[in-house]
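*Asks:* Here is what each chain is made of, one letter per residue.
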Amino acid sequence: MDTYINKIRELSLKLLKKKEVVKVIGFTKGTLPMATSPIAISLEQDVEKLIFNSTCGLNLANYIRNHKGKIAVIAKGCDSRNIITHIVENQIPREQLHIIGVPCKGMIDKTKVASLFDDDIIEFSEDNDTLLLKSSSKEERLNKQDYLRENCKLCMHKNPVIYDDLVGDLVDEQTLDTPYPDVEQIENMDADTKWQHFDKLTKNCIRCYACRNACPICYCPTCFVDESGPQWVGKGQDKTDVNTFHFLRAFHCAGRCTDCGACVEACPMDINVRDFTRKLNKDSFELFEWEAGLDLTKRPPLDAYSPNDPNDFIK
Amino acid sequence: MGNLLEHMGIERDRVHFSWISSAEATKFVDVVKEISEKVRALGPNKKLVKDYN
Ligand code: SF4
Ligand code: SF4
Chain Y
1 MDTYINKIRE
11 LSLKLLKKKE
21 VVKVIGFTKG
31 TLPMATSPIA
41 ISLEQDVEKL
51 IFNSTCGLNL
61 ANYIRNHKGK
71 IAVIAKGCDS
81 RNIITHIVEN
91 QIPREQLHII
101 GVPCKGMIDK
111 TKVASLFDDD
121 IIEFSEDNDT
131 LLLKSSSKEE
141 RLNKQDYLRE
151 NCKLCMHKNP
161 VIYDDLVGDL
171 VDEQTLDTPY
181 PDVEQIENMD
191 ADTKWQHFDK
201 LTKNCIRCYA
211 CRNACPICYC
221 PTCFVDESGP
231 QWVGKGQDKT
241 DVNTFHFLRA
251 FHCAGRCTDC
261 GACVEACPMD
271 INVRDFTRKL
281 NKDSFELFEW
291 EAGLDLTKRP
301 PLDAYSPNDP
311 NDFIK
Chain Z
1 MGNLLEHMGI
11 ERDRVHFSWI
21 SSAEATKFVD
31 VVKEISEKVR
41 ALGPNKKLVK
51 DYN
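Heads up: the sequence lines are chains Y and Z, in that order. Heads up: the first sequence begins at 1 in my numbering, then just goes up one per residue. Heads up: the second sequence begins at 1 in my numbering, then just goes up one per residue.
Think of the hints as simulated: they come from the structure by calculation, not from any bench. There may be inaccurate statements among the hints.
[Said to hold, decoys possible] Computed cross-link-like contacts, DSS-like style, restricted to lysine-lysine with a CA-CA straight-line distance of at most 25 Å: (1) Z/K38 <-> Y/K200; (2) Z/K47 <-> Y/K194; (3) Y/K203 <-> Z/K47; (4) Y/K235 <-> Z/K46; (5) Z/K47 <-> Y/K282; (6) Y/K194 <-> Z/K50; (7) Y/K29 <-> Y/K200; (8) Y/K315 <-> Z/K38; (9) Y/K200 <-> Z/K47; (10) Z/K47 <-> Y/K235; (11) Y/K315 <-> Z/K27; (12) Z/K27 <-> Y/K239; (13) Z/K46 <-> Y/K194.
[To be verified] Derived coverage of chain Y by chain Z (criterion: at least 3 residues anywhere in the stretch with Cβ under 8 Å from a Cβ of chain Z; other residues may be distant): (14) 49-60; (15) 193-199; (16) 241-251.
We put the CB at the ideal spot given by N, CA and C, even for glycine.
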């Protein structure tokens, strides 16, 4: 990771010095151990603030809209796919971006790590595949591979799809015979069990909308949940309203979601919001042979008509 | 959309999509009959219903 950090700083410094970009969007240390947050830097002396490690689970494509001048952005595999989606959806022209690609080795599931401790983690560091954690009462050395996020375990595009620079050698990609085991598990339930599953899933949702705000494709100027004329969905904690929010948000992401996991990363209630979006990713893959954010020349399937579109659901 | 509703546990037979021209009265009747039969067989829906009380 240190070689990545050094390279990120070196490239960022060069870009800012030569005035090729006005800003670099990357990750910086958060206020807690195991936390990082997005940062935009424009001063050369601030490049030291940039870091990269296995806790950079948010998606930086979410922060590339509405800038003046050319910007640089650090991009893991999934970020790069959302950058492509942004370009395809006319949110930013390719020329306005300098993409610093990071061949990704996966991000960790912080909740799973934290569950090993009764008290607060006060120190986190990593050395290749080993995670080192410390609380006031104990220390743990963990194998990173055992603590990857669910989406990272299933990720088949760890390398950036589009980039101007790379901070390290490309990593090996995995191919999976069953890329959607979690979706299949739900598909095999009967209707009532499915309903119970989703009811339980969203039971603790406080509708803070952190999942939506962290999502790079949820960039509507006014989200349907915030609209008041008409009011599409009730704003309280009614469980039908909560489920309607999740159902519709997921549908707005159909064919555009890259399963970057930013929604789950952001959720303060540890809700696996991906249970909604993953079904649509699977459908996009099976019905349209489509994975989001791989091709600058194609629009998402629900955004384009093709005579070959499956239409056997219409009678 | 039907697929995601079904995934959440809303029975497939409750959601119907159809394209009927204003000149296709008989098709309209047939489709409505078919929908009513399928939905009646499932009984009242209790999922994703807002309780205003
Ligand atoms: S989804 Fe893939 S590219 Fe994104 S953080 Fe996980 S392993 Fe990296
Ligand atoms: S981040 Fe979690 S709690 Fe907040 S609205 Fe999303 S699912 Fe609900």
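*Asks:* Within a Cα-Cα threshold of 25 Å, do Z/K47 and Y/K282 meet the stated pairing?
*Replies:* holds (24 Å)
*Asks:* Can the restraint linking Y/K200 and Z/K47 be considered satisfied, given a maximum Cα separation of 25 Å?
*Replies:* Holds, because 13 Å separates the two Cα atoms, which is no more than 25 Å.
*Asks:* Below or equal to 25 Å on CA atoms is what counts here, so check Z/K38 against Y/K200.
*Replies:* With Cα atoms ~28 Å apart, Z/K38 and Y/K200 exceed 25 Å; violated.
*Asks:* Is the hinted pair Z/K47 and Y/K194 satisfied, with a Cα-Cα distance of at most 25 Å?
*Replies:* Holds - the C-alpha atoms of Y/K194 and Z/K47 are around 11 Å apart, at most 25 Å.
*Asks:* Would the pair Y/K315 and Z/K38 pass a check requiring their Cα atoms to be no farther apart than 25 Å?
*Replies:* Status holds; Cα separation ~14 Å.
*Asks:* Just to make sure I understand the rule, a stretch counts as covered if three or more of its residues have a C-beta closer than 8 Å to a C-beta of the chain. Does the region 193-199 of chain Y meet that for chain Z?
*Replies:* holds (count 6)
*Asks:* Is the straight-line distance between the alpha-carbon of Z/K27 and that of Y/K239 25 Å or less?
*Replies:* With Cα atoms ~37 Å apart, Z/K27 and Y/K239 exceed 25 Å; violated.
*Asks:* Is the hinted pair Y/K203 and Z/K47 satisfied, with a Cα-Cα distance of at most 25 Å?
*Replies:* Status holds; Cα separation ~15 Å.
*Asks:* Count the residues of the region 241-251 of chain Y whose CB lies closer than 8 Å to any CB of chain Z, then report whether that count reaches three.
*Replies:* holds (count 6)
*Asks:* Take the C-alpha atoms of Y/K194 and Z/K50, compute the straight-line distance between them, and say whether it is at most 25 Å.
*Replies:* holds (19 Å)
*Asks:* Tell me whether the statement that chain Z covers the region 49-60 of chain Y is true, taking a Cβ distance below 8 Å and needing three residues at minimum.
*Replies:* With 0 residues in contact (Cβ-Cβ under 8 Å with chain Z), the coverage given for the region 49-60 of chain Y is violated.
*Asks:* Take the C-alpha atoms of Y/K235 and Z/K46, compute the straight-line distance between them, and say whether it is at most 25 Å.
*Replies:* Holds: Y/K235 and Z/K46 sit about 21 Å apart, inside 25 Å.
This entry does not satisfy hints 1, 7, 12, 14, going by the numbered hints stated previously.
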